[in-house]
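S.K.: In case you want the letters, here they are:
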Amino acid sequence: MDDKLIIGGHEFNSRFILGSGKYSLNLIEAAVKYAGAEIITLAVRRANTKEQENILDFIPKRITLLPNTSGARTAEEAVRIARLARELGCGDFVKIEIMRDSKYLLPDNQETIKATEILAKEGFVVMPYMYPDLNCARDLVNAGAAAVMPLASPIGSNKGLATKDFIQILIDEIDLPIIVDAGIGRPSQACEAMEMGAAAIMANTALATAGDLPMMAEAFRKAIEAGRKAYLSGLGRVLTRGASASDPLTGFLRD
Amino acid sequence: MENQFFVDSEYLSPEALEKKHRLETDPSSRKDPMEYLPGMEKIESDVCKNVMGHMNSYDYSKYTAKDVRTALEHETCSIEDLKALLSPAAEPFLEEMAERARLETSRHFGNTVYIFTPLYIANYCENYCVYCGFNCYNHINRMKLNMEQIESEMKIIAESGMEEILILTGESRAQSDVEYIGEACKLARKYFRMVGLEIYPVNTDEYRYLHECGADYVTVFQETYDIEKYETLHLMGHKRVWPYRFDAQERALMGGMRGVAFSALLGLSDFRKDALASALHVYYLQRKYPYAEMSLSCPRLRPIINNDKINPLDVHERQLCQILCAYRIFLPFVGITVSSRESAEFRNGIVKIAATKVSAGVSTGIGDHETKYSGKESGGEQGDEQFEINDSRSLDKMYKDIANEGLQPVLNDYLYV
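Top to bottom, those sequences are chains A and B. Taking my numbering, I'd label the letters of the first sequence as residues 40 to 294. Taking my numbering, I'd label the letters of the second sequence as residues 928 to 1344.
Next comes chain A alone, as it looks inside the complex:
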């Protein structure tokens, strides 16, 4: 079955995206090899190094780089970081992350909409990280976003789908890929989000803090595939809106 993930006209087979939080070279290797990642996030500020071990050198060339704007506190700063990423040769994809909070690292939706509008006009494939709010998601669509990336729970918390109901609303109402980002701590949670109809999962901490990296990477790949298949096979049509009465309520109707 042909089931591609399409973001801004680009096609991907994998629905696992590696986040940038806790980077290590082993993590990148495991994500590509065992989780099948085709997109890897890269914090521009972390690539801003002369270090012998620059992460950029360790990401295989066939992988699509998704530079993020972490460190930005305003739309203006995010725009500057995105342009810098382009200059560094990171391509046209950009994940917008704007935080005005250093404690929980929650995204600032308003500033994110502003930055999305500017960068989409400049030809970037814009993937905004956001707090799952339907109005904001609609504004992001209008601003030219290529996907919408709602958070499942606070970043790094491994708490899973704390915002489940609101993500479901985005999946139901928004005609762009909804990629669940932040907070996914277990393969079962990734699977659940995929069953709901999420287009892809972004994770980092869950893998980075696993005992056996390659094994956990593989577990995520399988969970995401399972969830996707369940969604495509029509899960959710089976009695999700309440139980069926054995005697139909409308059984008295005669003509």
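Keep in mind the hints are simulated off the structure, nothing from the lab. Cβ coordinates follow ideal geometry from the N, Cα and C atoms, glycine included. Among the hints, a few may not be true.
Derived Cβ-Cβ restraints for the label pairs, each shown as a range [to be verified]: (1) A:65 x B:1156: 46 to 52 Å; (2) A:212 x B:1018: 52 to 58 Å; (3) B:1078 x A:49: 45 to 51 Å; (4) B:1007 x A:172: 32 to 38 Å.
Go by the hints and put chain B onto chain A.
M.R.: Using the frame of chain A, we list chain B on its own:
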């Protein structure tokens, strides 16, 4: 037991000695530490009131093992929990605290450890702080690097691979004014990705100027939050003004700096109260400036030139570790820096639990990086050190040691925007 801080230098004139002795023995000869000097900016803030309220009423002897257990069971550590974790009752729980701290550190920082180095560009000082090697009555080689010398030092450091630098001066506006420090920041921007400052506290507009010159982080140590004790240790100079120093981080943030760092100098006063106040200083300022990045240090007293007896008294490594674990559990998102005041063994251990940043290739002297990095005598003059360091590992060695611990050394994770 107390530290014996007073040392008379034979180089002081009879008049200077007399003034020094008067300051040391007659409290009425000293200025009011709460009174601002001309030119010092006063800002409106309730942070100080909140911090001091908690510190002054903190009776750590009333906490029990039960309070500590409860604190460790809570998912979010409250101020009351922090007080329990800093109390003597928590000492038997050090291993549990370390486990919890490690979990929080890995959740927020993964396995990364940042590396930086300090660069002292001048050691002139107008203050008489009795425990400090730079104090104006201590007879040491004084020196201030010119721009050419600063650039030469920066080149040597940059060639070692370092990407983050912390520029320090003694506290003398006359010798090292804000423009001088600003020029040093502009040079540093050429050689380093990240430039921090640890200088005398300045006004908001001056912090703004220094930010425009390229600095983005400001470290100010309060030394001790106990005002009565502070008054007996900082006998003369602008540093004596306690509240102006307390508000320095807030002025730095108002001036546009991305981040600020805090600390008490452990061993000067009651360390449990000082640790509580340091953590709450961060906590309340973070609530007011949620976008700011914050970090804590944990220096303990060290010997200085002309007084090798100075030590951190009752703050042993176990207590230091307890404080750092409590900081981490209460403030999971803040950076924790452990400097070369501590031994290699302690630093190797603590980066696995709570610390996220260490210094390497350290000199606390002036203009001696060539000698220290290459072993060559530079022939040029050098200024004496602020304190004796305890871990002299080079960047290369530190990088390898961190990697060997299964952690990931990081030289830069920062962008000036």
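S.K.: Take the hints in turn and mark each one as holding or not.
M.R.: The hints, checked one at a time:
{"no.": "1", "hint": "A:65 x B:1156: 46 to 52 Å", "verdict": "holds (49 Å)"}
{"no.": "2", "hint": "A:212 x B:1018: 52 to 58 Å", "verdict": "holds (55 Å)"}
{"no.": "3", "hint": "B:1078 x A:49: 45 to 51 Å", "verdict": "holds (46 Å)"}
{"no.": "4", "hint": "B:1007 x A:172: 32 to 38 Å", "verdict": "holds (34 Å)"}
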